[in-house]
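*Asks:* Top line first, the protein sequences correspond to chains A and B.
Its first residue numbered 1, the first sequence is counted upward by one per residue in my numbering.
Its first residue numbered 240, the second sequence is counted upward by one per residue in my numbering.
If you are wondering where the hints come from, they were derived from the structure by calculation, not from laboratory data.
A portion of the hints provided could be inaccurate.
When the alpha-carbon atoms are kept at most 30 Å apart in a straight line, the in silico DSBU-like pairs for lysine-lysine are as follows [as the list claims (entries may be wrong)]:
#: 1; chain 1: A; residue 1: Lys105; chain 2: A; residue 2: Lys121
#: 2; chain 1: A; residue 1: Lys112; chain 2: A; residue 2: Lys219
#: 3; chain 1: B; residue 1: Lys380; chain 2: A; residue 2: Lys121
#: 4; chain 1: B; residue 1: Lys385; chain 2: A; residue 2: Lys112
#: 5; chain 1: B; residue 1: Lys380; chain 2: A; residue 2: Lys22
#: 6; chain 1: B; residue 1: Lys385; chain 2: A; residue 2: Lys121
#: 7; chain 1: A; residue 1: Lys77; chain 2: A; residue 2: Lys22
#: 8; chain 1: A; residue 1: Lys219; chain 2: A; residue 2: Lys121
#: 9; chain 1: A; residue 1: Lys31; chain 2: A; residue 2: Lys76
#: 10; chain 1: A; residue 1: Lys219; chain 2: B; residue 2: Lys380
#: 11; chain 1: B; residue 1: Lys385; chain 2: A; residue 2: Lys105
#: 12; chain 1: A; residue 1: Lys26; chain 2: A; residue 2: Lys105
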Amino acid sequence: MRRLIWTLLAVAGLAFAQEQPKLVTKIIDVKYADADRVARLVRFPGINGVNPDNSLHVIVLSGSPDAVAMAEAVVKKFDVAPANIELTVYLVSGSSHEGADDLPKDLAATAKQLHGVFAYKSYHILQSFIMRDRENGHGSSTSGTLPNSNATYSFHYQSMTVSSGPPRVVHIDNAQFSVGTPANNGIRTLDDKGHPVMDTSTINTDLDAGEGQKVVVGKSNVHGSDDALILVVTAQVVQ
Amino acid sequence: MTCQECELALAGEELSQSVDRHLAECLQCREFARDLQENFEVFAEFGREAFGIEKTPAVSIGVPRPEAVRWQWAAAAAVAAMLALALGLRTLSPHTPIAQNVPAPVTQIAAVEAPSSQIRPVAAPVKRRAPRPPQKRAEPKILQIKMLTDDPDVVIYWQIEN
Chain A
1 MRRLIWTLLA VAGLAFAQEQ PKLVTKIIDV KYADADRVAR LVRFPGINGV
51 NPDNSLHVIV LSGSPDAVAM AEAVVKKFDV APANIELTVY LVSGSSHEGA
101 DDLPKDLAAT AKQLHGVFAY KSYHILQSFI MRDRENGHGS STSGTLPNSN
151 ATYSFHYQSM TVSSGPPRVV HIDNAQFSVG TPANNGIRTL DDKGHPVMDT
201 STINTDLDAG EGQKVVVGKS NVHGSDDALI LVVTAQVVQ
Chain B
240 MTCQECELAL AGEELSQSVD RHLAECLQCR EFARDLQENF EVFAEFGREA
290 FGIEKTPAVS IGVPRPEAVR WQWAAAAAVA AMLALALGLR TLSPHTPIAQ
340 NVPAPVTQIA AVEAPSSQIR PVAAPVKRRA PRPPQKRAEP KILQIKMLTD
390 DPDVVIYWQI EN
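One chain only, chain A, in its complex shape (with noise of 0.2 Å):
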């Protein structure tokens, strides 16, 4: 009888031993994404313990292995390198005067659409520059004076973001272009502060702007002439 109960136990503990799973811990490492973020996409049935450290770059998993598998490779599709932008943008002029077009070859499709829109004579490069982020970055900005003028320009952007494509569309938010002359007929003066008092003409917009396309913006009247303020930008992602 004795002999009997042991046995029965001993049959009883086996089968609870055989219906608790194994349990698994990972270290899982997060080169790109944020681990406290991607950690709360994982917390599922079969996770026992999910311990995200954004300054080590890693969660650790603990759970069935299944599960942690599974975990893992949710972990792995999120944490992907950002996308390098570069962005292209070119300030163009915009003049009723005759004469003839001086602009870069590669806006010379943007420049037949303008002469069609607009009843403007002629169009002038004044500025060019490149800027490379990263995507979700904290923005960037640029300034300098414009060659041969007075006249002084800036362009910041907030962050930029890639859609999911074919094609591929990268938006630029808070955009800001401002081009300041000095004020009085051009002639530098000082405020009180002795800061010089210019007329400021901005653009202020956010931009989606596709592969290979070539995004314009523009304003007339800038500082109360005829003139025009244009802004073209085309964006590229880059590996």
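With the hints as your guide, set chain B onto chain A.
*Replies:* Showing chain B alone in chain A's frame:
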């Protein structure tokens, strides 16, 4: 109606035809009624003097009834009791100390001028409005128009300031 009933009715101002008939027949009750009226007049005069009520033609025409005299005394006593109660509650109340309602002493040292031989009239203080904050210039509204072109790779947006 007996004389006793008539006296009770007169004292209680319960005038009726039976009382009038009895007064017409009974000399003693007529005298009692006259005395009673004189007493009323004395009480009325005393009440006016006690409460400082001016004798007006409207008052002097009618003799106040004894109930009215009693009401005046009762009203005066009630008003006095309410005033005493209110004052007592206000004094004893822990949440509304009397000192809160007393205006703080004004110490306008700067407003005191040096003593001079001539007393100058003090001009009333001029209320000055706080200066308004400078109003921001309304930023012009920008209308952005998208223009279609023949070339799908050229997209034109034009901004117009309103």
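*Asks:* Does the structure break any of the earlier hints, and which numbers would those be?
*Replies:* Hint check: 5 and 12 fail, others pass.
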